[in-house]
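Peer 1: Given only the sequences and the hints, what does the whole structure look like? Please build it.
Listed in order, the protein sequences are those of chains R and D. FYI, the UniProt record's numbering numbers position 22 of the first sequence as 22, with every residue one higher than the one before it. FYI, the UniProt record's numbering numbers position 27 of the second sequence as 27, with every residue one higher than the one before it.
Think of the hints as simulated: they come from the structure by calculation, not from any bench. None of these values were measured; they are calculated from a predicted model. Among the clues, some could well be false.
Have a look at the derived ranges for each label pair, beta carbon to beta carbon [said to hold, decoys possible]: (1) D/GLN119 <-> R/VAL4: 35 to 41 Å; (2) D/ALA373 <-> R/ARG9: 46 to 52 Å; (3) D/VAL4 <-> R/VAL4: 40 to 46 Å; (4) D/GLU181 <-> R/ARG9: 37 to 43 Å; (5) R/ARG9 <-> D/ALA375: 44 to 50 Å; (6) R/GLU40 <-> D/PHE164: 52 to 58 Å; (7) D/PRO81 <-> R/ARG9: 28 to 34 Å; (8) R/ILE33 <-> D/ALA373: 43 to 49 Å.
All C-beta atoms in this analysis are idealised placements derived from N, C-alpha and C, irrespective of residue type, glycine included.
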Amino acid sequence: MKIVADTDRCVGAGQCVLTAPALFDQDDDGMVIVRVAAPEAGSVESARAAVHLCPAQALSCD
Amino acid sequence: MTTVDEFPQSRTCPFAPPPAYARIREEESVAQVRLPDGGRAWVVSRHEDVRAVLNDRRFSSDRRRPDFPELTAGAAAVKRPDEEPTLISMDAPEHPVARRAVLGEFTVRRTEALRARVQEIVDERIDALLTGPRPADLVEELSLPIPSLVICELLGVPYSAHAFFQEKSTALIARGTPPLERAAAIAALRDYLDELIAEKETDPPDDLLGRQIHTLREQGSYRRPALVGMGILLLVAGHETTANMISLSTVAFLRDPEQLALIRADPTRTIAAVDEMLRYFTIVDAATARLCVEDAEIGGQLIRAGEGVLALTYSANRDPRAFADPDELDIERGARHHVAFGFGPHQCLGQNLARMELQIVFDTLFRRIPTLALAADVDELPFKDDAAIFGLHQLPVTW
Ligand code: SF4
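Peer 2: As structure tokens, this is what we get:
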């Protein structure tokens with residue numbers, strides 16, 4: 001799995017950080033930072049949840 | 001088309017959406033309704049479609065536009081097109097820039113840094129409640145002061161002015177407030193904040209408003225009226241939403257001891273309970289109005305440019321397509337995909353702060369006052385049936 005974030009779309013609500021803090025972070029301005037772009041099998045489910053919850057559909061994964 | 005419903009609709013039961021929602025959602029999905037001024041708008045009722053509308057640039061949030069759907073009679077008549085836009089009334093490309101300027105104040109990490117202070121505030125209020133008379137009004141003693149204290153401290157607004165803010169925000173969200181009175185409430189808030197912010201300009205203090213002055217000046221985009229608008233928005237949002245969620249959730253927990261027992265047995269469940277309560281009550285419902293500015297198809301219905309749309313978040317949050325047994329309160333269901341905070345670029349900026357406040361209140365209140373009980377029947381409680389933000393005027397409790 002590969003996670004891609006589109007920071008132009010990100011609205012900084014932090015849903016991803018709340019859902020999968022090991023995979024995502026926010027910079028000082030609130031924009032998403034992908035900490036782990038290729039999550040291990042154990043984190044795939046929470047990565048998918050974060051992608052689904054993102055209010056701006058700024059995240060995608062394969 | 002069967003009937004044309006009048007909108008906005010009030011709840012007939014405090015624990016359920018207006019009955020027409022389920023009918024619209026199951027029979028029509030997207031339906032035409034009549035607004036107080038007689039104009040028409042579309043309501044969108046399914047979870048998927050509500051998310052689609054709220055994350056689509058063809059639906060504008062610009063409330064200054066003359067044909068923007070208005071939920072109160074006479075509101076259009078007092079609308080001023082030159083009004084200072086706030087975050088909730090901006091579209092791209094203005095909106096992302098303005099939102100980014102303040103976003104850093106509300107990240108998950110920044111919110112977490114406030115946790116200890118919020119816990120302290122909650123404990124102080126519960127101390128005060130416990131030493132006061134029984135029964136007590138939970139709204140007055142706990143629900144209102146907590147978010148009020150938090151937002152005042154965060155913004156750098158003296159808490160001594162909270163009675164004034166409360167009165168004005170109540171007037172703003174009551175649907176029955178005449179448009180001129182509403183305009184006067186906004187003007188009073190604007191005057192107050194204008195003066196306060198002017199004082200902060202000379203030597204910007206380390207509070208949200210001070211930091212905004214500083215940041216915006218550095219960017220060369222500081223304008224006092226814009227910051228005043230932002231301040232009003234954050235104050236009103238900070239007062240009314242969390243307060244009502246505290247009161248309503250307390251009632252829900254007290255009438256459903258099984259759910260309460262779950263969080264009391266294991267406080268790590270509380271954060272999920274918070275999202276379930278948010279979904280279950282969806283206190284800000286049809287406020288997510290939009291104006292279609294480019295023809296779009298939603299749920300099989302063509303919506304044309306110039307037509308108003310109400311994205312019914314409460315209906316979406318009770319859509320069986322998104323939540324199994326949606327009318328059941330079930331804190332373990334996993335309700336994070338609710339749209340109680342909206343969706344898309346305007347999704348609530350303060351949501352993580354709200355979540356944290358609610359989590360701390362639930363954990364602390366029921367731990368410290370295990371015998372907490374309602375001091376009135378649920379059907380006697382004064383629910384805010386007539387407000388843009390649902391809630392309770394008073395909540396008598398005892399212990
Ligand atoms: S959930 Fe989406 S919008 Fe929110 S911070 Fe993460 S990427 Fe950005």
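Peer 1: Identify every previously stated hint that the structure contradicts and give their numbers, smallest first.
Peer 2: none
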